[in-house]
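Q: The lines below spell out each chain.
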Amino acid sequence: MRRRPGIAGLQNAAATRDQFRLVGENVAKVRTDVMKEQLATFRTQLEEFARKHKVITIELKWHSIFQLLSNFVYMNDIRKNPLFRQQFHEMCAKVGVDPLASNKGAWAELLGIGDFYYELGVQIVDICIATRATNGGLIDLLDLRKLLCQKRKADLGSLTSDDCLRAISKLKVLGSGFEVISVGKKKLVRSVPTELNKDHNGILELAQAEGFVTVEQVERKFSWSTGRAIDVLETLLKEGLAMIDDGHRDGKRRYWFPCVTLSSDSTGADAKS
Amino acid sequence: MQRLGDFRLPPFFNYPPYFTLQPVRETREKQVQLWKDLILDYCRSQKLYIISLEEDFPLFSNPKIERSLSHEAKEVFLAALVYEGRAEWMDKGHKKCLILWLRIQDWANYILNFVKDNGLEDSVMTVEEIRSGIETRGTELAGIDRGVLMRALKLLEQKGKAAIFKGTSADDEGVKFSA
Chain C
1 MRRRPGIAGL
11 QNAAATRDQF
21 RLVGENVAKV
31 RTDVMKEQLA
41 TFRTQLEEFA
51 RKHKVITIEL
61 KWHSIFQLLS
71 NFVYMNDIRK
81 NPLFRQQFHE
91 MCAKVGVDPL
101 ASNKGAWAEL
111 LGIGDFYYEL
121 GVQIVDICIA
131 TRATNGGLID
141 LLDLRKLLCQ
151 KRKADLGSLT
161 SDDCLRAISK
171 LKVLGSGFEV
181 ISVGKKKLVR
191 SVPTELNKDH
201 NGILELAQAE
211 GFVTVEQVER
221 KFSWSTGRAI
231 DVLETLLKEG
241 LAMIDDGHRD
251 GKRRYWFPCV
261 TLSSDSTGAD
271 AKS
Chain R
274 MQRLGDFRLP
284 PFFNYPPYFT
294 LQPVRETREK
304 QVQLWKDLIL
314 DYCRSQKLYI
324 ISLEEDFPLF
334 SNPKIERSLS
344 HEAKEVFLAA
354 LVYEGRAEWM
364 DKGHKKCLIL
374 WLRIQDWANY
384 ILNFVKDNGL
394 EDSVMTVEEI
404 RSGIETRGTE
414 LAGIDRGVLM
424 RALKLLEQKG
434 KAAIFKGTSA
444 DDEGVKFSA
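Those protein sequence lines, which keep their order, are chains C and R. Quick note on numbering: the numbering used here labels position 97 of the first sequence as 97, and the sequence is numbered without any gaps. Quick note on numbering: the numbering used here labels position 177 of the second sequence as 450, and the sequence is numbered without any gaps.
None of these hints come from the bench; they were simulated from the model. Incorrect hints may appear among the rest.
Calculated pairs, DSS-like style, for lysine-lysine (alpha carbon to alpha carbon, straight line, at most 30 Å) [stated by the list, open to error]:
1. C:Lys252 with R:Lys347
2. C:Lys153 with R:Lys309
3. R:Lys337 with C:Lys252
4. C:Lys238 with R:Lys309
One side only, chain R facing chain C, incomplete, derived with CB under 7 Å [stated by the list, open to error]:
5. Pro289
6. Phe292
7. Thr293
8. Gln295
9. Thr300
10. Lys303
11. Pro336
12. Arg340
Don't be surprised by glycine CBs; every beta carbon is placed ideally from N, CA and C.
Bound conformation, chain R alone (with noise of 0.2 Å):
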């Protein structure tokens, strides 16, 4: 089994024909869906937010069998999970996909999680102890965008489940929990 860092590549990433867009439907939607799956494992293994499809990444070549996807095979494969709210665009030229192996609803029940099982209803975060703090440390939080954050903490505010309040400077934005 090749691996990337310590993640499993599954076994279709040394089939070369995958790394061609192919031209029968039914293929190319088994290859779309296996492409799927991989870049949300991966991303998610990863802690990865952002894909970039100016820049290299790791998984869109594989050098052990000299193939890489084409520019047009990225964003087809992006585009398939930007269809399926997996992912956004974040430039109109689609250069930069933003990747939501959780989507933002499951982020807000999540975090709704993590402060229950942490007894912390009623008490006060700062946005960057969420992100680096030593309470959610190990969890799916640490290191988690701030944008991704900071649109799952406004679905909790807008259910009566958090409040977002501003510090003295834009760094500082804390959240109250409520039960």
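Just chain C, same shape as in the assembly (with noise of 0.2 Å):
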């Protein structure tokens, strides 16, 4: 177009593009919510899907769905939406693919269900090494999951223990040791390489009752003899997974263990009483 000169032209210019815009918004506009109703359609089609367990058409679907899938309010849902999560990851389970096998899977990359998880991971690592000179890097599951949610400014109903243990899981490749540990009826996660075997697994399971144990204690469950009791309790000493406390009346030391006591403020109290 030949560019008019004086203000008549510039008006004009300006008339065209203000036109321009509103058509484009309107385009976008549109294209929005037709993608939102037809992500309503697929997560529709996805929780009945995963209700009834059924993998027959399915991979078909999933093709022309995943073109769909790159729009930020999908991104949004999976991230927001823990049952959701899982769901998906039953799905994947029973198609047999591992959407967090690889970011680079067009499964991950257009879900952002990768990035997901490996943000978590992130976020896990770093509250694992930031409480570390407190617990001696376990930290009960719970816990854990309580910091995270503080982290991400979220709620506990959030994030569930799942996708916590997805995210650890995935950590495993980076050979730092993390790891999950089942002790009595807990859960605790491990970031330090220290091998627990099975006398410290005991140790510790004891001690959920309690908060602590003191050698009496170990010596007559465990009818162990009282250096082997000692013994191992200097061993999770010196790991930093336990703290002696000499200042109870009856003067027999106390080993507590912070990692499968320390989650609320009035714990020792608690111990106590």
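Using the supplied hints, reconstruct the complex from the two chains, each of which is provided in its own coordinate frame.
A: Here it is in structure tokens:
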């Protein structure tokens, strides 16, 4: 278009620009709406699928639907809705795909699900290192979740243990010794390369009752010799997993385990009463 | 949350092993750090300047869990503060400790800001006025330890920001601030 001189020309150009912008906005809005609608449908199907556990024609459908998923609406959804994430994983397991195998994979890339877990992984590492001085590198999964939610400014319901476990399982490839161990009813996340043997685990389990153990208690419970009990407790102490307490009236040394007790501010008092 | 007067105590205060000096280095470092912060925060909130190791100090025992710090532990925590310049032993026997929740330098700056904010440049205040006068009410300066205040003022004098002069008796020293 030839540029015309004069005020009228400038005004004209401005008006044209406005028109284009309006039309553009309209198109974008319509597209977003359509996408939202499609995604809603997709989600319903997805949830239905997860409920019925049917695997048959789904892979074909996936393919076409996936084109839409780079949309942010969906990404936000998968990041915000823990139930949805779990269903997604269930489904992936059924189809035989590991969506977290690589961030480059079509699944992970389009869904942003890889990013979700990698971000979570980084935050987990962060918290584990920050609390290491207090708990010796062993943290209760529930405590970890609470701290994660604080960090993410989200409520506890938005992040399930399942999410954490998945993120941690991905950290294993770093070879830094991140691992989840079960001690009694609790799940503990270990971020130091200490090998915990059966003796250690037994003591941690015993400590869950009151938050601490004494040498006597350990001897009685496991029928160990005094030497063995002290030896194991000293190891846990050196690893920073235990703290000594010589302040009780009975004069017996107590070994406290922050990883199984330090979840609320009243722990000490609770343990006493 | 447990309280000591109007002071909120941190969670570790209810965890018994923190009242026993920890033998393992890393755990000990963490323990000392927590206690250092607690002592400074508490003294600041209560405007306390001197901790006497011989006398009972509310922070050093927790009746709720029946634990209290040993003399050795108290000395270790205070020594850590001394090492950082946040406290000073007042005698050779380490019986009394002056807590500087603001360092002397910080006090000097605080005074200078106070003077500027209140337009007191080129005016004269007595030392007593700074400690308990109307002007300083509600600021950190209210009730400041006399020794700490004098050292901060002397520092200002060295920098040419203030001039200290004596009155007729030792009690009425005055100070003139200059911008």
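Q: Verify the interface restraint on phenylalanine 292 of chain R: the C-beta must sit less than 7 Å from at least one C-beta of chain C.
A: holds (5 Å)
Q: Going by Cβ atoms only, is proline 336 of chain R closer than 7 Å to chain C?
A: violated (11 Å)
Q: Min Cβ distance, arginine 340 of chain R to chain C: is it shorter than 7 Å?
A: holds (4 Å)
Q: Should the hint that proline 289 of chain R touches chain C count as held when the rule is a Cβ pair under 7 Å?
A: Where the cut-off is 7 Å and the nearest Cβ of chain C is about 4 Å from proline 289 of chain R, the hint holds.
Q: With the threshold set at 30 Å, check whether the alpha-carbon distance from lysine 337 of chain R to lysine 252 of chain C stays at or below it.
A: With a Cα-Cα distance of about 19 Å, the restraint between lysine 337 of chain R and lysine 252 of chain C holds, given a limit of 30 Å.
Q: Classify the hint on lysine 303 of chain R as holds or violated, based on whether any CB of chain C lies nearer than 7 Å to its CB.
A: Given a least distance of 4 Å, the restraint on lysine 303 of chain R holds.
Q: Can you verify the interface hint for threonine 300 of chain R: is its Cβ closer than 7 Å to any Cβ in chain C?
A: For threonine 300 of chain R, the interface hint holds, since the closest Cβ of chain C sits about 5 Å away, which is under 7 Å.
Q: Given glutamine 295 of chain R as an interface hint, is the shortest Cβ-Cβ distance to chain C below 7 Å?
A: holds (6 Å)
Q: Are the Cα positions of lysine 153 of chain C and lysine 309 of chain R separated by 30 Å at most?
A: holds (29 Å)
Q: Check whether the Cα positions of lysine 252 of chain C and lysine 347 of chain R lie no farther apart than 30 Å.
A: holds (22 Å)
Q: With a cut-off of 7 Å on the beta carbons, see whether threonine 293 of chain R makes it to chain C.
A: holds (5 Å)
Q: Need the status of pair lysine 238 of chain C, lysine 309 of chain R: alpha-carbon distance at most 30 Å?
A: Distance of about 23 Å is within 30 Å: holds.
Violated hints amount to a single one, hint 11; each of the other numbered hints is respected by the structure.
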